[in-house]
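Participant: Residue numbers (UniProt numbering), protein chains in the order written: chain R, 1 to 433; chain Y, 1 to 424.
Treat the hints as calculated values from the structure; they're not laboratory data.
One or more hints might be untrue.
Per label pair, the in silico range of CB-to-CB distance [what the hints assert, rightly or not]: (1) Y:T79 <-> R:Y130: 22 to 32 Å; (2) R:G310 <-> Y:Y199: 50 to 60 Å; (3) R:F344 <-> Y:Q411: 53 to 63 Å.
Simulated coverage check for chain Y against chain R, where a stretch passes if three residues somewhere in it have a Cβ under 8 Å from a Cβ of chain R [as the list claims (entries may be wrong)]: (4) 169 to 178; (5) 329 to 339.
Note that the Cβ used here is the ideal one computed from N, Cα and C, for glycine as well.
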Amino acid sequence: MAQKKKRHKKGGLTQPRNIATLLSVLFPGLGQFYNRRILKGFIFLILSVSFLVTTWDYIDIGLWGIVTLGTVPQEHHSVQLLLQGLISLIVLIFGIAIYIFNIKDARGDAIAREQGKSKPTLLQGIADFYSRGFPYYMILPGLVMLVFIVVLPLLFMLALAFTDYNQYNSPPRNLLSWVGFDNFKSLVTIDIWKDTFFSVFTWTIVWTVIATSLQIVLGLFLALLVNDKRIKFKRSIRTVLILPWAIPAFVSILIFSALFNPTFGAINRDLLSHLNIMIPWLSDPFWAKTALIMIQTWLGFPFVFALFTGVLQSVPQDMYEAADVDGGTRWQKFQHITMPHLLFATAPLLIMQYAQNFNNFNIIYLFNEGNPAVRGQNAGGTDILISWVYKLTFETNNYNMAAAITIIMGLVISIFAFFQFRKTAAFKEEERY
Amino acid sequence: MKKWIWMFIIVLFLGGLLVACGPDEADQSEEQAGENTGEMPEKPDALKLWVNAEENQEQAVEEITDKYTEETGIDVELTPIDMLDQIESLDVEGPAGNGPDVIFQPHDRIGDLVIRGLVDPIDLDDVESEYTDTSLEAVTYEGEYWGYPAVIETYTMFYNKSLVDSEPESMEDIMNIAESDTNASNDEFGFLMEADNFYYVYPFFAGYGSYVFANEDGNYDISDIGLDNEGAVEGGELVQSWYEDGYIPQDLTPDIMNGLFQEGKVSTVLNGPWMVRDFAEALGDDLGAVPMPVLDNGEHPNSFVGVKSYMMSYYSENKEWAQDLMAFITNKENSMHYYDVAGEMPPRDDALEDPVIADDEIFSAFAEQTEYGEPMPSDPAVQQIWDPINDALDFISRGETVDEVLTETVQTIHDQIEASGANQ
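Using the sequences plus the hints, can you model the full thing?
Facilitator: Structure follows, in structure tokens:
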């Protein structure tokens, strides 16, 4: 070890491994030539030259564009430059990866040569390369797709939140510019945004928690009932209970919207009028929210019901028998046998239900478009974040604010996703049961 | 050592890239100088036109452009795209070079199109006098014309002849009808309209002196909003009284309203020409239409007029021929053909006087109403008024104090205009 260190110090730049590295840094392939790995050198050389020749102009404009977002109005389209810039960055990362791989490879080969290892034959080298890299080749197409279909639009949206892209400042006539965290700042400081944001955000949370919990509780309750041995006609009951799920939500929600119409809808007119009650389902925010929660419970419980029914079949009967022998009560059996089984198998899916309702655009927009209006804010009484973002984007063209809010929504959803993955890991602990 | 090398490499690489960045053509000088020489440039092989994706309209435009091809030899490629989606599509396709030469848009989006730089102004020259004054006013923005007016529409009073004895002429008549014919428990109404939609309510505001933006010769002053002045309050209170008197039920949706009218349960209803076909099918000869009733102060209510027009894409490379095509589509003969097939009224004096329209009992009422109407504001800021003012009507319908609500609403509109970046 001590000897090696000494040699290293003495060798300095003239040491083969450093020469190879430096040559590769200067231009990909040179290091390989120095190592007398001619074919490999050519491959790297050709690869880098073609990469540079084909993408140089594109990346050049792209990087310039993402920094400046254009300099001549009408001539430069900021949104396109931004997109080109993002694509350039991605392509550049791929390029840098190849470049780094080339340097590592040259250095590694040089080290092998220093240590007197024999140079592998061409065939051997290829076989080695192939067997080590096989999984990576398999995921490569998927990875590239993922980068451009999933990551790129996300980056684009993230970027918009830091620009001044609004109705009066939109390309091609105007150029965008970077404004840092201004949009987030105005979200919590400027009155018209602040009031609306907090009321919409809190309702979104309340909506998510209540609507989802209710649908889960109802699904659980019905699943337990139907699973009871004493129940007859199980199959028919199950079919009926699954029905709400079978009708497209789109249709159900529109029908509900008509049913809940306070003056003309069947609920007030034909049901509640007999009790002399008229509830302002659509014009009072509280009742509109109540109606939405009831509808979502109705729409959402069949899935949970189906899920729980399936899992309940798999709870081993001998556990209940053992509990009977020990004199366990009905509640104790439920608490210590049924519930753990159910939750263990379904927790990730249940968490996804929360995430889904958090962004449940359909029901809000189809039922009453986020109405009724609330004085002094620019979102309706039942608007959740996602429907508000829709209005900001398509009705008032506040693209930058919409992007900023979307980022906040994304953060909240990631919390759900984080817990979901934590729970999914539970599947690995198979010994637990 | 190793870390240091990597850092060095990456900095070197990125630095090298960034140093040479930027397009070479950054400062292109303005190429177009003297264009208006009056002579037509060479004919292009084809012109691209985006037509509203509606069956009858597509058919009508196709027949007209076929004639154009016959006369000039220029092929016209039609692409059906929903009118309201055309701006977004143009925004994407235009810079990419796949955009059309001509798009079809309602005039109230002109301001938005202009600030985005998606359309070019046009030259109406010698055909200017043929279009109606209202429609010319509609396509004017910042002192220039931005489109060839093709369709004009507004709303007016439909009535059911079997329920109404004589043509209602004043608000007093309408209120009498409402008083005698309304029986809400039986779903029978004397007078219905979407009173929570500012588009329809505007005439009752404007008739008393309210306005959206102050307008002087086509220049809007968006800091002067007239939706909380005395006239607005008077209009708002009028609307509120309809709810209080039980003439118009809360939670009335357009579907329910039109459905009831078609069932023959409603005497008079305020709606646009797009409903004529459905209404006529349901009511037959009982369907009548009159211009909007005169207000109590003797004013004709100024209904909002919408003018759909052909506009020229900023990205068009055949601007002269694109205009030639637009003028051709909107000339008298072709306008009448369009009216025949698509059922939309052309904003041309000669067409509106044509017996085909002038003798049509229903469409002549619309034609007359457009004379009292005023174009919807085309300033981009108009997009910020719709939500707040509709919300205000919602509050008014619930019985909240009108002037308070309107003052608050105008403040919200000012805030929203500010937030949309108008004063940057």
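Participant: Please verify the coverage claim for the stretch 169 to 178 of chain Y: does it have three or more residues whose C-beta sits within 8 Å of some C-beta in chain R?
Facilitator: Answer violated; 0 residues pass the 8 Å Cβ test.
Participant: Check whether three or more residues of the stretch 329 to 339 of chain Y sit with their beta carbon closer than 8 Å to a beta carbon of chain R.
Facilitator: violated (count 0)
Participant: Is 50 to 60 Å right for how far apart the beta carbons of G310 of chain R and Y199 of chain Y are?
Facilitator: At roughly 52 Å between Cβ atoms, Y199 of chain Y and G310 of chain R fall inside 50 to 60 Å, so the hint holds.
Participant: Range first: 53 to 63 Å. Now tell me if the beta carbons of F344 of chain R and Q411 of chain Y are that far apart.
Facilitator: 55 Å, holds
Participant: Does the Cβ distance between T79 of chain Y and Y130 of chain R fall inside 22 to 32 Å?
Facilitator: 49 Å, violated
When the structure is compared with the earlier hints, violations turn up for hints 1, 4, 5 and for no others.
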